[in-house]
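What the sequence shown shows, in the working numbering, is residues 586 to 776, in sequence order.
Treat the hints loosely; a few may be bogus.
[Said to hold, decoys possible] Okay, the calculated beta carbon distance ranges per label pair:
| hint | residue 1 | residue 2 | range |
| --- | --- | --- | --- |
| 1 | Leu-671 | Pro-737 | 16 to 22 Å |
| 2 | Glu-731 | Gly-711 | 42 to 48 Å |
| 3 | Leu-671 | Val-696 | 16 to 22 Å |
| 4 | Ala-710 | Ser-640 | 46 to 52 Å |
Keep in mind that the hints were calculated from the coordinates and are not lab data. Values in this document were obtained by computation on a predicted structure and should not be read as measured data. Note that CB positions come from ideal geometry on N, CA and C, so glycine has one too.
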Amino acid sequence: ILRTVAILIALSPAGIPSTTAFAASVFLDPSSVAVAEDGDFTIDLVMNAADTLGSHPGSFGGGVVIDFDPALAVYTGFSIGAPATLTGGPTIGSNAGLQTVTIEFDTALDVGAIGTFSFTAAGPAGSIAGFGIADQDDFFGSFANELPTNQPFTPTFTGTSVTITAIPVPAAAWLLLSGLGAMGGLRARRR
Numbered sequence: 586i587l588r589t590v591a592i593l594i595a596l597s598p599a600g601i602p603s604t605t606a607f608a609a610s611v612f613l614d615p616s617s618v619a620v621a622e623d624g625d626f627t628i629d630l631v632m633n634a635a636d637t638l639g640s641h642p643g644s645f646g647g648g649v650v651i652d653f654d655p656a657l658a659v660y661t662g663f664s665i666g667a668p669a670t671l672t673g674g675p676t677i678g679s680n681a682g683l684q685t686v687t688i689e690f691d692t693a694l695d696v697g698a699i700g701t702f703s704f705t706a707a708g709p710a711g712s713i714a715g716f717g718i719a720d721q722d723d724f725f726g727s728f729a730n731e732l733p734t735n736q737p738f739t740p741t742f743t744g745t746s747v748t749i750t751a752i753p754v755p756a757a758a759w760l761l762l763s764g765l766g767a768m769g770g771l772r773a774r775r776r
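With the sequences and hints as input, model every part of the structure.
If you want it as structure tokens, here you go:
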């Protein structure tokens, strides 16, 4: 009984050393956007790790996998932003009917864009393409601040959505059509 009481006291809030929560996030930006049918669009991969352990400014690395419906969007490329460097990928795959793109990076800044994914809208007007994002290593986690030593952290992940809209008819086309209609009306009047 005394041993059980000692364990319970050791595990009580007073017996547990306090820890500070370190927040970090990795997200796709913009959080939502509208794109015309067959239109090209980009989505930035952004990280905010300003409150993590280690040196700031630091040198951050990690890996992400994004997923989306290939019937609604066609992946056309990824470009890394300086000072970050690609250490793996982009690798294209699939999971449960969704297309996946996996990248791994190194030497990224604490806060800012890591790189940019490029796509072309493929779905019909009114479709909404969702883009999910997760850690590339969902078991151990892949994110760390390399300065001064590898300080691992687990960010939160937020995806985005793209609404596909009808291709707008340019104002000049409407003006041309109304002019042709007026000319037709005048011609009919002359007869």
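Hints and how they fare:
no.: 1; hint: Leu-671 with Pro-737: 16 to 22 Å; in the structure: holds (20 Å)
no.: 2; hint: Glu-731 with Gly-711: 42 to 48 Å; in the structure: holds (45 Å)
no.: 3; hint: Leu-671 with Val-696: 16 to 22 Å; in the structure: holds (20 Å)
no.: 4; hint: Ala-710 with Ser-640: 46 to 52 Å; in the structure: holds (49 Å)
Checked against the numbered hints above, the structure breaks none of them.
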